[in-house]
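Peer 1: The number in my numbering is simply the position in the sequence shown, starting from 1, with 43 added.
These are computed hints drawn from the structure, not numbers from a lab. Each residue gets a CB set at the ideal place from its N, CA and C atoms; glycine is no exception. Just so you know, not all the hints are guaranteed correct.
Unchecked claim - Once the Cα atoms are required to be at most 25 Å apart in a straight line, the calculated BS3-like pairs of lysine-lysine come out as:
id : residue 1 : residue 2
1  : Lys143    : Lys170
2  : Lys372    : Lys301
3  : Lys216    : Lys180
As the list claims (entries may be wrong) - Label pairs and their computed distance ranges (CB to CB):
id : residue 1 : residue 2 : range
4  : Leu131    : Ala155    : 32 to 38 Å
5  : Thr141    : Ala161    : 21 to 27 Å
6  : Ala155    : Gly450    : 21 to 27 Å
7  : Thr456    : Lys296    : 58 to 64 Å
8  : Ser62     : Ser427    : 34 to 40 Å
9  : Ala79     : Asp348    : 40 to 46 Å
10 : Gln393    : Leu194    : 28 to 34 Å
11 : Pro406    : Glu303    : 31 to 37 Å
12 : Ala104    : Asp486    : 28 to 34 Å
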Amino acid sequence: MSLPSPSYTITLRVEVAASQRATSTVVAAVADAGGAVMGVDIAHSTSHGLVVDVTCDTIDAEHGERVVAAVNAIEGAEVLKSSDSTFLMHLGGKIEVTNKVPLKTRRDLSRAYTPGVARVCLAIAEKPEDARRLTIKRNTVAVVTDGTAVLGLGDIGPAAALPVMEGKAALFKEFGGVDAWPVCLDTTDTDEIVRIVKAIAPVYGGVNLEDIAAPRCFEIEARLREELDIPVFHDDQHGTAIVVLAAMVNALKVVDKKLEDVRIVVSGVGAAGNAIIRLLKAQGARHIVAFGRDGALHPGVRTEDPHRRWIVENTNVDGFAGTLQEGLKGADVFVGVSAGGILSGSDVAQMADDAIVFALANPTPEVDPQEAAETAAVVATGRSDYPNQINNVLAFPGLFRGLLDTGATDITTELLRVAAVAIAEVVAPDELNSAYIIPGVFDHRVADAVADAVRRQA
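Using the sequences and the hints, build the whole thing.
Peer 2: This is the structure in structure tokens:
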């Protein structure tokens, strides 16, 4: 069942009669319509009437419209305006550039710009590696997308992807102290994307690939890693895998099972699913069956995709060839990075005792978390309104912080693995329980722990 969410907070400006009863009637109408009232403020008052701002969380845009209609139906009340807090937050964008040095006098200007800056330019021309020391390069990451796989929205294009990339840049700064900038490319041509990123690379200390559809994302990452001298990281693959492994390490402690013994079902064999399977195997998982749209990947499946072929060759040792629902029977762990609503609570009930369910499709998980929790021992989602949120912000800020600090360029499977273990260890043994297997996204210890682990490994 969907619940009101901060993602759909609205504020109604309502004109009512000047009485406490009139205001309470408005609040009651909002609540009766299913809105979660978060605050009531008087915007304007006269001897005859009030203008009241009522802020409430709703389920979705259509629900917000029903709340407005419910208030307008009150005799003597009129909704003058309804505003969406999420859209208001994005007005004018969410990030900006600010100066680190003063520019108050001519002396400041002569050093920061001409003529003094020429001396620094010549120094870098003579010794190019000094760009890391003398420019923004040492702490700047390009967040690159073509807009073809944005969140769960799909191919919506580079302009529509920009709010997500802005958000990513804001998270880099907030949690890792890394300056990041959106680079939204109006092309889906693999060769052109590689060429453009190589051309702009002198400005950046790292590249974070984001929301690029599979299978092109694999080739783009591989080629850029080969051809650039800075770290290249596809967050949809490796960031997701890091946090899934971190949560898995702790979830298995809660249910007292070992990774090498449990039977794991993975729904989704795109970028995230592929990376998750590889990292789970690197940690010691031995019994994994992966499912795509057409069912289980097994030795009989023929595919030209090298990434799917790797899954075929390295998982499903028993050759299971059934459906996802059939594969769940007796499984210890479900990891979903596919599509919302494809499973029911009764499907989860067929899993082994003390089952672990990671339903990570966003915004609608593969199975309703409340239904899953009726029989599963541990449930995690990608949403912020349920416990155990699997959120990539736990990985990428600290990862890049460590990479930038060391100047390392090689992102190995072992580096990803130690980053995951570092996240898991932030949760102390006496804190660990079924509703707390992964740190919260605002736990600033996480980025420091990941950065320290990366520095040691690099």
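Peer 1: If a hint holds in the structure, say so; if it does not, say that too.
Peer 2: Evaluated hints:
About 24 Å separates the Cα atoms of lysine 143 and lysine 170, which keeps this hinted pair within 25 Å; it holds. Simply put, lysine 372 and lysine 301 have alpha-carbon atoms about 19 Å apart, close enough for the 25 Å limit, and the pair holds. A C-alpha spacing of about 15 Å is found between lysine 216 and lysine 180, which places the hinted pair at or below 25 Å, so the restraint holds. Under the hint 32 to 38 Å, the C-beta atoms of leucine 131 and alanine 155, about 35 Å apart, fit the expected range.
Evaluation of the 21 to 27 Å hint for threonine 141 and alanine 161 yields a pass: the beta carbon distance comes to about 24 Å. A beta carbon spacing of about 25 Å between alanine 155 and glycine 450 agrees with the range 21 to 27 Å that was offered as a hint. The beta-carbon spacing between threonine 456 and lysine 296, approximately 22 Å, falls outside the hinted interval of 58 to 64 Å. Remark: the range hint 34 to 40 Å for serine 62 to serine 427 is upheld by a beta-carbon distance near 38 Å.
For alanine 79 paired with aspartate 348, a C-beta distance near 45 Å keeps the hint of 40 to 46 Å intact. Here the CB-CB span from glutamine 393 to leucine 194 is close to 30 Å, well matched to the stated 28 to 34 Å. As the Cβ distance of proline 406 to glutamate 303 is approximately 34 Å, the hint placing it in 31 to 37 Å holds. The given range of 28 to 34 Å is respected by alanine 104 and aspartate 486, whose C-beta atoms sit roughly 32 Å from each other.
Hint 7 from the list above is the single one not met by this structure.
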